[in-house]
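Engineer: Sequence:
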Amino acid sequence: MTIREAEQIMRVFESNESPDPDEIFTYTEAAGFLIEKTHDPRAMMSLGGYYYGARDYDLALKYYEMAAEYKYIPAYECLGYVWYYGRTGVKDYEKAFHYFTLGKEAGHLVSAYKLADMYRNGYYVEKDTDKYREIIEELYERVKGLRDVFDPVPEVFTRLAKIRTEQGEIKEAVRLYFYARDFLAQRIMYNHFFGNLSIMKWLIHDLYQLIAPDPDPGDLYDLYHFLERPCLITFMYDGETHEVEAAEEEDGTIAIRFDENWYRDPDSFFNKARLDDDWLTSQYGSLYDFEVK
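Residue numbers (this note's numbering): 1 to 293.
Since the hints were derived computationally from the structure, they do not count as laboratory data. Do not rely on the hints blindly, as some may be mistaken.
What the hints assert, rightly or not - Cut-off 25 Å, straight-line C-alpha distance, at most; resulting in silico cross-link-like pairs (DSS-like, lysine-lysine): (1) K91 to K144; (2) K95 to K131; (3) K293 to K201; (4) K162 to K131; (5) K162 to K201; (6) K144 to K131; (7) K293 to K272; (8) K37 to K62; (9) K95 to K71; (10) K127 to K162; (11) K95 to K62; (12) K144 to K95; (13) K91 to K127; (14) K272 to K201; (15) K71 to K37; (16) K162 to K144; (17) K131 to K91; (18) K91 to K71; (19) K201 to K171; (20) K144 to K171; (21) K62 to K91.
Stated by the list, open to error - Quick list of simulated restraints, FRET-style, between CB atoms: (22) E126 to H242: 50 to 56 Å; (23) E36 to E172: 48 to 54 Å; (24) R257 to R55: 24 to 30 Å; (25) D130 to W262: 47 to 53 Å; (26) D277 to E138: 39 to 45 Å.
We treat Cβ as the ideally placed atom computed from N, Cα and C, and that holds for glycine.
I would like the entire structure built from these sequences, with the hints used as guidance.
Structural biologist: The following block contains the structure:
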């Protein structure tokens, strides 16, 4: 294997949504080869990211730490996440604070809002809501003009929306939530990551604590609200009608039927539902005429 061949294998793999075991093996071999031959922290981060997505957090930590040794700024965010959420089985807020601080000092936006969260929650440091608000207000000024769907606009906007809600500025909070929803929906079309869907779920929840939803869903993600209780919703795609039913189980939980397939709850529906051999969420812009029956 040559360096060029390894780089090509990695490029192809990173655009492959459903790699088979042989493709995964070839990718990990190529990434390991690049790391050994070039010491490129981008290869370390790529391999760490693969293992993080596969929830093999011990291996993810290994490669993130390797990248951090080369002072690769995105590694600080990832290491902060590993320790903040205890992905390897142990939460260490001191380490999380350390890495998020390194990231923030290097101008990394995600590290900055996660550091703000630590001040808000009092993790490792004394709880300081003023410091939290200060960081989020500063970040809002930095991100409000960004347009790349992978920029942390929804993360900052939703945090600021909660601040505005606490300040009694409900109209401004609602505006921020709607902007964040539209931005995040576009991101999910390209990145069906469970973390993005979790952000959307809580965004919708918080938005409809402030305003009453329309009788019918405005778009796909309003179903996070409607599917909390039994209902039948239809929508159109490519000229055909599709159904989403929320049915109450004997234990009081809500199971979801999408056309002929059943999902154990709304989270499973959003994470696993497919349409036209692609994620339902990837068809977001082509779904229309939502109606509660």
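Engineer: If you test the structure against every hint from before, which numbers come out violated?
Structural biologist: 1, 12
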